[in-house]
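Using the sequences and the hints, build the whole thing.
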Amino acid sequence: MQQKDDWDIIVRPKVSLFSINLKEIWVYKDLILLLVKRDVTSVYKQTILGPLWMFIQPIFATLIYTFTFGQANLPTDGIPALLFYLIGQTFWNYFSECLNKTSVTFTANSAVFGKVYFPRLVMPLSVIISNLVKLGIQLLLLIIVFCYFYFSESSMEIQWSLLFLIPFLILLLGVFSLSLGILFSSLTTKYRDFNFLIGFAVQLLMFLSCVVFPASMFKGNIQLLILLNPVAVSLEQIKYIITGHGIFSIQHILISYLVTFVLFLFSLVIFNRTEKSFMDTV
Amino acid sequence: MSKTVIQVNNLGKQYRLGQVGTTSIADDFKRWSYRMRGKEDPFLKIGEENDRSKKGNSDYVWVLKDINFEVKQGEVIGIIGKNGAGKSTLLKILSRTTSPTIGEYKIKGRVASLLEVGTGFHPDLTGRENVFLNGAILGMTKIEIKKNFDAIVDFSGVERYIDTPVKRYSSGMYVRLAFAVAAHLNTEILIIDEVLAVGDAEFRKKCLGKMSEVSKVGKTVLFVSHEMSAISSICSTGILLSNGRIAKQGKIDEVIDEYLNVFVQKSTSRYWNEGVRPGNEVMELISINLINEFNQSIQAVSMGQKFGVEITYELKEDGVRINPGVTVYSTSGQILCVSMPESDKIITEKKVYKAICWFPETLLNDGTFSLRINAHTFYPTKMHFDFQDIIIIEVIEKQYEERKYDYKDKVLGLIQPSLTWEIK
Chain F
1 MQQKDDWDII VRPKVSLFSI NLKEIWVYKD LILLLVKRDV TSVYKQTILG PLWMFIQPIF
61 ATLIYTFTFG QANLPTDGIP ALLFYLIGQT FWNYFSECLN KTSVTFTANS AVFGKVYFPR
121 LVMPLSVIIS NLVKLGIQLL LLIIVFCYFY FSESSMEIQW SLLFLIPFLI LLLGVFSLSL
181 GILFSSLTTK YRDFNFLIGF AVQLLMFLSC VVFPASMFKG NIQLLILLNP VAVSLEQIKY
241 IITGHGIFSI QHILISYLVT FVLFLFSLVI FNRTEKSFMD TV
Chain H
1 MSKTVIQVNN LGKQYRLGQV GTTSIADDFK RWSYRMRGKE DPFLKIGEEN DRSKKGNSDY
61 VWVLKDINFE VKQGEVIGII GKNGAGKSTL LKILSRTTSP TIGEYKIKGR VASLLEVGTG
121 FHPDLTGREN VFLNGAILGM TKIEIKKNFD AIVDFSGVER YIDTPVKRYS SGMYVRLAFA
181 VAAHLNTEIL IIDEVLAVGD AEFRKKCLGK MSEVSKVGKT VLFVSHEMSA ISSICSTGIL
241 LSNGRIAKQG KIDEVIDEYL NVFVQKSTSR YWNEGVRPGN EVMELISINL INEFNQSIQA
301 VSMGQKFGVE ITYELKEDGV RINPGVTVYS TSGQILCVSM PESDKIITEK KVYKAICWFP
361 ETLLNDGTFS LRINAHTFYP TKMHFDFQDI IIIEVIEKQY EERKYDYKDK VLGLIQPSLT
421 WEIK
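Here the protein sequences come in this chain order: F and H. Its first residue numbered 1, the first sequence is counted upward by one per residue in the working numbering. Its first residue numbered 1, the second sequence is counted upward by one per residue in the working numbering.
Be aware that one or more of the hints could be misleading.
Said to hold, decoys possible - No more than 30 angstroms apart at the CA atoms, straight line, and that leaves these computed lysine-lysine pairs for DSS-like:
1. H:248 - H:108
2. H:210 - H:3
3. F:134 - H:167
4. H:106 - F:29
5. F:134 - H:142
6. F:23 - H:142
7. F:29 - H:142
It is worth saying that the hints were derived from the structure and are not from the lab. In this text the structure is predicted, and so the values were computed from the model without any measurement.
Okay, here's the thing in structure tokens:
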């Protein structure tokens with residue numbers, strides 16, 4: 001008769017904490033790619049300017065910041081204000097959009113999740129990747145603006161030896177937003193109270209993330225708090241690497257990786273528990 | 001002997017009724033505190049049987065309880081039951097969109113579930129893009145979809161529109177394309193929930209054909225439907241669910257019979273007590289019954305069986321000519337035929353009559369028909385009573401294999417009369 005071990009799927013009510021099936025996600029890699037393609041192509045359908053909107057958005061935001069915060073004479077660590085805000089805006093946008101989209105993974109996709117099984121993590125992963133595509137395109141704009149300032153102002157020095165760190169810092173942003181996003185999406189399936197919180201939280205986080213202020217503006221404990229925030233660390237280090245202004249610290253990066261890693265594991269456990277039965281409570 | 005591909009042991013699913021709010025958070029805390037102390041979940045012990053029509057004492061109900069069954073490879077198993085019997089919940093659990101509260105199940109092979117057609121279709125994407133996306137959501141790889149792409153488009157019959165966004169599609173085209181993707185899934189086990197209740201007759205026939213074809217190549221199919229003719233034509237075995245428990249399982253014919261005879265609300269007979277009988281001062285209607293050739297009440301008609309509609313009425317005045325009439329409607333509201341007794345059969349003496357309208361063995365095709373029954377006196381015309389949809393006839397063709405024709409699939413048409421053939 002049957003041998004116990006030749007079943008492909010065994011489903012029981014309770015599962016162990018870390019039953020993340022990475023192999024299963026790999027099986028669905030085509031789905032991730034198609035979802036990324038869907039996200040990227042469907043957003044600008046029926047628009048005339050199309051992907052140009054990806055540039056227009058950060059340009060406007062940067063101009064507004066330059067105007068408002070520039071008027072207030074906030075320090076920019078010696079980086080030209082326009083460039084300072086554009087860097088902050090570009091990377092912060094990546095983080096906040098990932099967070100906003102992944103934090104509604106369960107509620108926004110309940111129609112699909114209720115009908116078909118696939119590893120639920122596929123959805124937030126595809127969000128992170130499709131926003132990465134968008135970030136890549138926006139980086140073109142950043143490079144153009146950067147070149148203008150690089151050749152017109154002498155104060156900027158690219159830290160060539162540290163340039164390799166940038167992908168790792170973007171990865172840090174992605175994983176950190178994924179962790180927060182899936183954590184929030186798990187918490188909001190049954191009780192929607194956190195939905196109200198996340199809007200405030202994202203705004204607050206922006207001010208603590210060196211988007212509009214440099215870390216050097218803060219002293220003592222607050223600075224320490226800011227540097228425990230992986231978003232702030234990423235932004236600060238990216239700014240340093242491409243302009244040579246600011247504080248560089250490999251310890252900060254390592255601490256951020258540690259914070260993110262712990263949060264990521266914790267979120268995965270919660271997400272994994274939620275995905276089994278969220279259809280009943282969503 | 002073929003091997004078991006699905007094994008379900010003691011499966012149960014409990015739901016909490018009512019809204020999510022402060023009561024549910026109190027229950028959640030209680031559950032959590034019990035778990036922290038290493039005790040069993042306190043809410044698993046309570047909970048009532050699921051009967052939607054009765055008011056219960058507890059907020060917790062078991063929508064499925066003590067479900068045990070096995071499915072062998074290549075079996076096409078039909079799951080039937082009334083609304084709310086737990087059919088869809090069972091399919092949801094088996095397709096892993098939700099998890100069971102207790103029990104476990106094991107599956108061998110890849111599973112594709114079609115609880116809906118067109119899951120994940122994005123309105124702004126073209127038909128082509130959606131085929132790939134939908135295929136991937138259902139678990140196909142890009143290469144598999146590419147390989148089947150032409151077959152999918154061909155099956156759907158929407159080739160002309162394939163590069164148009166699906167939001168411009170008619171609903172029929174949308175469903176055709178969506179089902180076409182599903183029909184080309186390459187998985188060993190298919191779970192299907194009433195998706196065939198869409199599309200036009202030609203396409204439905206295509207779908208049913210595809211499903212029986214699928215089972216012939218050794219794939220296993222779990223199929224939920226309310227349409228007995230579809231179930232009986234493609235399924236070999238069945239499970240009847242009632243209030244979350246298995247009421248019967250076994251051969252599909254027996255399961256369907258049990259369902260029709262025990263569980264379907266009787267719409268094959270009506271009786272009126274004295275005082276509430278429809279009619280007027282000349283006549284009163286007493287009962288209407290669907291009967292077989294031995295004058296016994298029946299709930300459903302097997303194809304090839306002679307049956308009659310028996311109208312019992314009382315004539316209260318001598319000399320009035322009562323013309324009972326039977327009109328047969330298809331489910332889409334089309335009139336198939338109208339029938340009434342010949343003039344010389346009408347008796348005008350005052351007493352209780354049984355007027356029986358006999359249907360020949362071969363007239364109605366398998367499917368559902370509804371009867372309108374009335375009675376008239378003509379010139380001057382007077383209607384005594386008139387009931388729309390008073391009797392519902394379910395005609396079932398048991399097994400296509402036993403048919404006397406070479407063709408063994410569903411025959412189209414509302415009627416299937418036995419026309420005489422001559423081949424010279």
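Now for the hints, and whether the structure bears them out:
Distance check on the hinted pair: residue 248 (chain H) and residue 108 (chain H) sit about 24 angstroms apart at the alpha-carbon level, within 30 angstroms; holds. With a C-alpha separation of about 23 angstroms, the suggested pairing of residue 210 (chain H) with residue 3 (chain H) holds against the 30 angstroms cut-off. A hinted pair counts as satisfied when its Cα atoms are at most 30 angstroms apart, and residue 134 (chain F) with residue 167 (chain H) qualifies at roughly 25 angstroms. Distance check on the hinted pair: residue 106 (chain H) and residue 29 (chain F) sit about 25 angstroms apart at the alpha-carbon level, within 30 angstroms; holds.
A hinted pair counts as satisfied when its Cα atoms are at most 30 angstroms apart, and residue 134 (chain F) with residue 142 (chain H) qualifies at roughly 23 angstroms. Simply put, residue 23 (chain F) and residue 142 (chain H) have alpha-carbon atoms about 17 angstroms apart, close enough for the 30 angstroms limit, and the pair holds. Among the hinted pairs, residue 29 (chain F) with residue 142 (chain H) is consistent with the structure: their alpha-carbon atoms are about 9 angstroms apart, no more than 30 angstroms.
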